[in-house]
Amino acid sequence: MKNVAGYRAPYPGTQPNHLHPPYVSSIARSPSQPLVRIPYTLSEVTGPSFGPELGSSAIQDLTKQHKGEPLGERIIVSGRVLDENSHPQANTLVEVWQANAAGRYFHEVDQHDAPLDPNFTGCGHVLTDSEGRYRFVTIRPGEYPWRNHHNAWRPAHIHFSLFGPAFSTRLVTQMFFPGDPLLPFDPIFNCTADEKARNHLISVFDWETTVPMHALGYRFDIILRGRDATPMENE
Amino acid sequence: MSLQATTSQTVGPYFKIGLQWLNRDNLAGEGVSGEQVTIHGRVLDGDGVPVPDALIEIWQANAHGKYAHPADSQDRPLEKGFLGYGRIPTNKSGAFRFTTIKPGSVPGPDGKEQAPHIVVSIFMRGLLKRLTTRVYFPDSRNAADPILNLVEPSRRSTLIARNAATRPGELEWNVVLQGPEETVFFDLGL
Chain A
27 MKNVAGYRAP
37 YPGTQPNHLH
47 PPYVSSIARS
57 PSQPLVRIPY
67 TLSEVTGPSF
77 GPELGSSAIQ
87 DLTKQHKGEP
97 LGERIIVSGR
107 VLDENSHPQA
117 NTLVEVWQAN
127 AAGRYFHEVD
137 QHDAPLDPNF
147 TGCGHVLTDS
157 EGRYRFVTIR
167 PGEYPWRNHH
177 NAWRPAHIHF
187 SLFGPAFSTR
197 LVTQMFFPGD
207 PLLPFDPIFN
217 CTADEKARNH
227 LISVFDWETT
237 VPMHALGYRF
247 DIILRGRDAT
257 PMENE
Chain B
658 MSLQATTSQT
668 VGPYFKIGLQ
678 WLNRDNLAGE
688 GVSGEQVTIH
698 GRVLDGDGVP
708 VPDALIEIWQ
718 ANAHGKYAHP
728 ADSQDRPLEK
738 GFLGYGRIPT
748 NKSGAFRFTT
758 IKPGSVPGPD
768 GKEQAPHIVV
778 SIFMRGLLKR
788 LTTRVYFPDS
798 RNAADPILNL
808 VEPSRRSTLI
818 ARNAATRPGE
828 LEWNVVLQGP
838 EETVFFDLGL
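These protein sequence lines map, in sequence, to chains A and B. No gaps in the numbering here: position 160 of the first sequence is 186 in the working numbering, and each next residue is one more. No gaps in the numbering here: position 67 of the second sequence is 724 in the working numbering, and each next residue is one more.
Next comes chain A alone, as it looks inside the complex:
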């Protein structure tokens, strides 16, 4: 079999390094040896796809997982998943998880002194539609303190996990909210050198997806890596 086309390398500074000392947990958990460059093979340009059978178990409304309504501000988070070549990524799995309105995760490790909400678990997953669109109804998550440094607080955020078409396109990221005063101080948000790349993680308030008398809309488009047009010569 001939060599396969790989995926584009990121623009300089647009992805974090593994080691980012202001984020203290990265110090003991990032590799110390240089990564080994390898050519793309069939193993890296293929990846799992999850069919409509998972779509039937989709959770797209995080406010309807329990008997009652969760506390907090209802919001609509939606967007498109494209690749770097502007191709919509249809039928790709998008998973989200987040804290409740008080800034507490439904997780036994989270012992922040803020109330759990019996009507809010804070997880969802959907497949994108034929045009790469996804949409969740949820509650605006609260900010919360953490132990990274003195008086450290995470800005409000929603975790996103996406697959795309291949092992090489797998992405885990976080979505933030416009105008959050904590953003300049967050070592995780600021781990990426390129300011424009960082700012793409901030969702955009959006009238078009805002539902009158119901919920504000925030748009968050996600770009997965695009495939190179031709196979690279192996180094």
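No lab work stands behind these hints: they were computed from the structure. Only a predicted model underlies this, so the values are computations on that prediction, with no experimental measurement involved. Don't take every hint at face value.
As the list claims (entries may be wrong) - Simulated crosslink set (DSS-like; lysine-lysine; CA at most 30 Å straight-line): (1) B:K673 - A:K90; (2) A:K93 - B:K673; (3) B:K673 - B:K759; (4) B:K769 - B:K759; (5) B:K737 - B:K769; (6) B:K673 - B:K749.
With chain A held as given, fit chain B onto it using these hints.
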């Protein structure tokens, strides 16, 4: 025109609530052909401390060396019920364990066959982007594997599961994040 790929961020400590619904630690369903293998190990940080909040994802071909994916155009059979994907969180002791089918060999660069292997993503709090690596098997084909041969000989063993002393019939493969035994991680651009 080209868009710019979205920046990676850490999976954080609380991924379980969003990701556990898709946990899969047994890929070898009933009727799937091939040699069943169980691989276990631990994830260890730079201080040698087990990592209790890591997530391992695996992707592999079936026993015929065929990926369940449209980009695999080889004339080899698919196995009904074998997707080739697993998602396994570490437990409180930093340990993980999964059962699968030993994959067949798949084509590699320049027409060379690759030895049987599983590709692996590792996520955890503290990792701002995933780590990627591979697990190989005790197999004579490893010697000619084009990817293993890109790795310094002294480090290749970190990519090869070995017969476990403590659990006969199982393979052991550990993920060591730093230090002299550090696992080889690959640069796939992200």
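To see whether the hints hold, each was checked on the structure:
no.: 1; hint: B:K673 - A:K90; verdict: holds, 20 Å
no.: 2; hint: A:K93 - B:K673; verdict: holds, 22 Å
no.: 3; hint: B:K673 - B:K759; verdict: holds, 28 Å
no.: 4; hint: B:K769 - B:K759; verdict: holds, 19 Å
no.: 5; hint: B:K737 - B:K769; verdict: holds, 27 Å
no.: 6; hint: B:K673 - B:K749; verdict: holds, 13 Å
The structure meets every hint from the earlier list without exception.
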